[in-house]
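Protein chains in written order, with the numbering used here: chain L, 549 to 866; chain A, 20 to 630; chain V, 720 to 905.
Worth flagging that the hints you see were computed from the coordinates, not collected in a lab. Because the structure is a prediction, the values reported are computed rather than measured. Heads up, some of the hints might be wrong.
Calculated cross-link-like contacts (lysine-lysine; reagent style BS3-like; alpha-carbon spacing at most 30 Å) [as the list claims (entries may be wrong)]:
1) L:Lys725 <-> L:Lys744
2) A:Lys578 <-> L:Lys846
3) V:Lys767 <-> L:Lys743
4) A:Lys309 <-> L:Lys842
5) V:Lys767 <-> V:Lys796
6) A:Lys544 <-> V:Lys853
7) V:Lys871 <-> A:Lys541
8) A:Lys541 <-> V:Lys878
9) L:Lys836 <-> A:Lys544
10) A:Lys541 <-> L:Lys842
11) A:Lys544 <-> L:Lys842
12) L:Lys846 <-> L:Lys725
13) A:Lys544 <-> V:Lys796
14) A:Lys544 <-> V:Lys869
15) V:Lys729 <-> V:Lys835
16) V:Lys767 <-> A:Lys544
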Amino acid sequence: MITIIISILIALGILVFAFLWQTTLSGITRKIVGRYQKRYGPRFYQNFRDIFKALSKRGITHGWVYSFGVIMAVGGIMATVMFLPLFGIVPFPGVDNFFIYVYLFAVGMLGMAMSAVGSGNPLAGIGVMRALTQMVGYEVPFMIVVLAMIYGHGTSSLSELAAIQQTSGFLSWNLVKMPIGTIVGFICLLGMLGKKPFETFIAPAEIASGPMVEYGGKQLGMLMIMHELATFIEISLFVNLFLGGATPIVFGETTVLVGLSSVVGFLLKYSIVYIVSALISNALGRFKIDQVIKYFYKVPIVLAIIQALIVVFLGWGV
Amino acid sequence: MGISIGVGTIIVGLLISAVLAYVLTKINKTTGAWVTVLAPFLALAAVFLLRDSIGTTYSLFFLEFELTEYGWFFSMIMLLVFACVSFFNVYWMKKMVHPAAYNMLYLLALTGTLGAFMAKDFIGLFIFWEMIVWSSMFIIPFGKSRKASVVYYAFSALGSLAMLYGIFYLYNAFGSFNIQEVLKLAATDTTAALVAFITIGIAGMVKLGVFPFHLWLPRAHGNAPDTFSPILSGGLVKAGGFAVFLIAVVMPSYEAFATQLQFMGVSITSYIFILFGAVSIVVGTLMAIKQDDFKKLIAYSSVANAGYIIIGLAMTDALSVGGAFMHIFAHALASAAAFLAVAAVSHRTGTTKMSELGGLIHRMPLTYLVYLIAIISMAGIPPMAGFISKWMLFQSMIDNGMVFVATAAFFGSIGSFLYVFRPLSAVFLGQLSPKHYKVKKAPVLMMIPMIILSGLTVLFGIFPNIVLRIVSRIQTSVGMEGLQFDGTKIIGSNGSLDPTLIVVIFGIGFMIALVIFLLHPKSRKVELMDTYTASEFIYTPELLHYSHSFYAPFERLYKNAPDTSKWYKAILKKVSEIGGFVSYAFFSSKPRIVVFWIVIAMVALLWGGSV
Amino acid sequence: MSKKERAVAKRKKKWDGISNFFRANSIWMLMYCTGCCAIELPQAMTSKYDMERLGMGPMATPRQADVILVTGYLSVKTLRRVIYAYEQMGEPKYLVAFGPCTINGGIYYDAHPVIKSLDQYLPIDVYIAGCMPKPEAVMNGFQDLIDMIKRKEANGWRKYQENKEWYRENQIHALGELRIKDEFHE
């Protein structure tokens with residue numbers, strides 16, 4: 549009983565850290581994007597202001613499912629974050645299965661979709677349709693690559709997959725062992741994050757921000773919290789699966805120093821992945837939804853299957 | 020009382036109650052319908068009490084029954100579905116053309132399934148199997164279409180004949196009809212095993228609706244009476260799983276085909292079956308996405324889910340068979356609940372076309388919740404029972420390194436989010452059409468079974484070990500390795516899962532979200548029509564409801580895909596041509612043909628006489 | 720006012736003070752770009768003046784927005800839409816009016832379908848002067864709005880709530896019918 553309570557406390561700590569870190573990083577990225585466009589950009593804590601402002605406003609509700617869906621969405625995503633290992637700390641050892649993240653994440657997504665369509669706006673319906681269609685695109689190649697990885701390493705535990713990559717430095721990262729898989733993973737990550745060119749379901753100029761069309765006030769604030777947490781899940785999945793997780797950048801005898809440097813290492817990789825995806829997003833235009841599907845079923849899925857066949861039949865990258 | 024309850028008693032009791040239901044319905048419709056409610060419940064209690072006497076054999080006239088672990092498991096699922104669905108019969112009596120016949124056939128179908136699951140020999144299995152086919156064949160035309168029944172019978176006949184051939188082949192080879200005995204002997208003889216595997220396998224695939232035999236399923240499910248669709252999808256289809264289980268696991272196929280070429284950890288024969296499963300996942304998913312009829316959509320989703328079941332059974336390792344059993348169980352509960360929700364909607368609104376409905380959550384909130392729980396389970400999202408089974412199946416697919424099969428399974432799993440969300444959005448959410456302003460809640464008696472099924476889905480999603488322990492016992496009883504547990508944890512081959520913990524953590528997440536929600540200013544309630552329209556004034560709710568061709572951009576990508584029904588139409592044409600020739604040649608009343616045959620016969624006789 | 724009510728009011732005031740800090744620095748706009756002043760917004764938004772450093776950004780729908788920008792003259796037809804959009808916004812909400820057209824009709828002072836004085840129909844928090852206002856003036860106006868929110872002076876939405884009958888009367892007087900069934904036969 550005591551151990552489970554401690555685990556839950558650790559998980560809550562991870563939750564709080566995830567929110568603070570990703571919200572700050574989003575602000576920093578907005579600043580970087582601003583500079584990229586020769587602007588000054590907002591303060592780095594702008595996203596906190598936005599979230600708390602939205603929470604403090606008095607919005608509207610379209611019935612119980614509209615609010616219930618939002619609570620379910622935030623609850624589902626929070627639960628997913630609480631299962632995530634962070635810096636090698638695993639709140640619930642042994643059960644941090646890859647599939648939990650994929651499917652528990654879906655609870656949150658379902659809640660949001662339900663709430664959005666429950667608002668009775670057709671644009672929300674179109675947005676959800678696009679989000680789900682896009683999900684069929686990016687999720688399948690991503691899962692095939694992870695299948696290859698689990699088959700190769702013999703474990704589906706996220707923390708163990710990260711630990712395996714920390715055995716012999718840079719060369720044991722899946723980035724090096726499964727380069728094709730990493731490319732697929734990154735393309736799918738752009739799809740998951742809804743970054744351009746895969747921004748079909750938000751599309752503010754086209755379908756008035758899709759699922760978000762009717763939100764204002766605290767529901768919008770909660771969905772912004774959910775968005776930050778969801779981004780945290782997606783990027784830390786990518787970092788843990790392909791970039792070795794929390795690898796130290798300083799080597800030596802002192803465990804404290806190595807431990808701290810591994811925290812820095814994780815956050816560094818995390819920031820690079822997020823900022824690069826944001827920059828790519830700012831340089832590209834938007835695909836149409838059928839182009840998204842055609843693209844995902846032409847390039848990434850073929851590459852993913854090639855990668856999986858290489859791992860399964862040739863045994864390379866294990 | 021002195022009467023010990025046995026399988027024979029239950030079956031005779033059900034047969035008597037079928038006749039009783041017929042007679043009583045002729046007198047009073049409602050009374051007859053209540054017989055169909057009571058009989059499955061009594062049978063459910065009786066079979067549940069028989070848990071301790073597993074392994075006993077019973078005899079009834081010339082038929083022998085044996086209560087096996089797996090037979091008990093399948094019977095319980097079937098009785099649960101029948102018992103829950105039967106509440107709906109009471110409301111459908113007025114709409115039925117032949118209520119008396121319906122009630123009798125309903126109970127006969129139940130008797131057929133129980134008999135098939137508990138039969139000791141192949142003859143019993145075949146007789147009861149045919150009982151299922153015939154009784155459901157006569158029920159289906161009570162619904163919308165007669166043609167559906169013809170299609171159903173054509174496919175079922177194919178399955179039954181294949182099975183009959185297999186049974187006689189096995190009898191010829193081993194001189195016995197006893198299921199266990201014959202299958203164990205067949206395992207030592209590769210040729211016999213192959214024949215049995217293919218013939219009985221085809222019977223199972225037809226019943227499950229696996230590609231390429233999936234065409235009857237949407238037709239029959241979509242057109243059957245609303246009360247019988249849940250039985251077909253939740254119950255009778257799962258009998259196919261039983262047949263596949265017999266030849267894949269009881270035989271067992273991994274011993275029988277040990278000398279065959281092994282591919283991806285299974286024999287090539289099993290792999291072909293698995294591939295059919297994979298294809299049916301993809302076909303079922305794609306077809307389900309583009310349906311407009313609520314019932315046909317769930318019917319195609321049953322095709323996709325049948326794919327998972329057959330993959331799990333044909334892979335024959337502990338996790339996959341466990342996963343398949345859990346999937347049979349979870350999908351039976353979920354699809355029955357979903358079909359019952361459809362039936363409730365159809366009872367109140369009179370249509371199952373999704374593009375005509377909308378916003379029913381404001382009128383039927385509990386039905387909405389039932390459907391929501393059902394689809395969460397069908398899509399394999401925690402904390403429902405469907406997640407556990409999908410997780411187990413994925414584990415063994417990855418272990419065997421089945422890249423292509425897993426691709427199909429992942430596609431089906433993510434694709435299921437698409438098709439299960441569509442009715443949720445188009446029927447229950449969105450704008451309420453003015454013609455449905457006066458729709459009332461589902462009646463209380465309809466709510467009871469729906470709530471039971473949803474409750475069980477949630478319960479076994481949180482504590483799946485209750486079912487999995489029984490599954491594990493089934494596995495040990497057929498000589499397999501059982502599933503491993505550690506408290507509430509299920510131990511997989513490359514990781515473990517703790518469903519109870521997931522629920523606890525989800526609960527904590529939900530509570531935090533709820534607190535955040537309650538701490539902040541209360542929202543203003545607005546009408547559904549007060550929504551963002553770019554400041555345009557719109558007064559027609561239907562115009563603001565997005566339900567027609569929901570996934571149009573996605574459907575467009577595969578609209579030119581080959582259609583299986585065309586192959587069958589081509590076969591049909593050839594068969595009717597041959598039939599036309601036969602009837603022209605042998606059953607003609609034209610004198611010249613009769614004279615022609617007489618001449619031929621005379622010549623033949625004279626020829627024979629001279630030798 | 721009872722003791723409990725006063726305590727609630729006090730807590731609410733304190734909470735509002737904290738909220739106003741966030742509100743002042745995160746203003747999401749809904750641009751109602753019917754008039755010519757809208758052409759000044761792109762400059763104010765992009766690299767030359769960079770509105771985002773004040774925490775401002777464009778939003779897609781009135782539900783999400785905090786401030787509605789009425790950029791120039793309004794005809795009878797568009798006023799209906801502005802009122803509809805304004806009423807869909809969540810509270811607190813602000814309205815910024817651009818140019819002289821919103822004060823007295825500007826160069827359209829004698830055009831019959833143009834609304835002369837917007838503050839008769841909707842509460843205005845900030846006017847921005849100029850025909851059209853230069854981007855500097857636009858930025859200055861937004862800075863004013865931010866200062867007003869901080870000082871709790873941007874209370875147009877409260878005024879609208881309290882004097883709803885008066886506003887409604889004016890609106891109906893000008894428009895005849897607030898929400899029309901068929902605009903092609905008005």
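These are the hints, each one checked on the structure:
At roughly 28 Å between alpha-carbon atoms, Lys725 of chain L and Lys744 of chain L fall within 30 Å of each other, so this suggested pair holds. The straight-line distance between the Cα atoms of Lys578 of chain A and Lys846 of chain L is roughly 17 Å, inside the 30 Å bound, and the hint therefore holds. Pair hint Lys767 of chain V plus Lys743 of chain L holds up; C-alpha atoms about 26 Å apart against a cutoff of 30 Å. At most 30 Å may separate the alpha-carbon atoms for a hinted pair to count; Lys309 of chain A and Lys842 of chain L meet this at roughly 18 Å.
Restraint check: the Cα-Cα separation between Lys767 of chain V and Lys796 of chain V comes to about 34 Å, which exceeds 30 Å; the hinted pair is violated. Only pairs whose Cα atoms come within 30 Å are accepted, and Lys544 of chain A paired with Lys853 of chain V is rejected, the gap being roughly 40 Å. A C-alpha spacing of about 21 Å is found between Lys871 of chain V and Lys541 of chain A, which places the hinted pair at or below 30 Å, so the restraint holds. Of the pairs offered as hints, the one joining Lys541 of chain A and Lys878 of chain V holds, with about 21 Å between alpha carbons and a cut-off of 30 Å not exceeded.
Our distance criterion of 30 Å between C-alpha atoms is broken by Lys836 of chain L and Lys544 of chain A, whose separation comes to about 35 Å. Annotation: proposed proximity of Lys541 of chain A to Lys842 of chain L is violated, straight-line Cα distance about 44 Å (limit 30 Å). With a CA separation close to 41 Å, the supplied pair Lys544 of chain A and Lys842 of chain L exceeds the 30 Å bound. As the CA atoms of Lys846 of chain L and Lys725 of chain L are separated by approximately 23 Å, the hinted pair is consistent with the 30 Å bound.
A hinted pair counts as satisfied when its Cα atoms are at most 30 Å apart, and Lys544 of chain A with Lys796 of chain V qualifies at roughly 28 Å. A distance of roughly 29 Å separates the Cα atoms of Lys544 of chain A and Lys869 of chain V; the hinted pair therefore holds under the 30 Å criterion. Simply put, Lys729 of chain V and Lys835 of chain V have alpha-carbon atoms about 41 Å apart, too far for the 30 Å limit, and the pair is violated. Between the alpha carbons of Lys767 of chain V and Lys544 of chain A the distance comes to roughly 42 Å, so the proposed pair goes past 30 Å and is violated.
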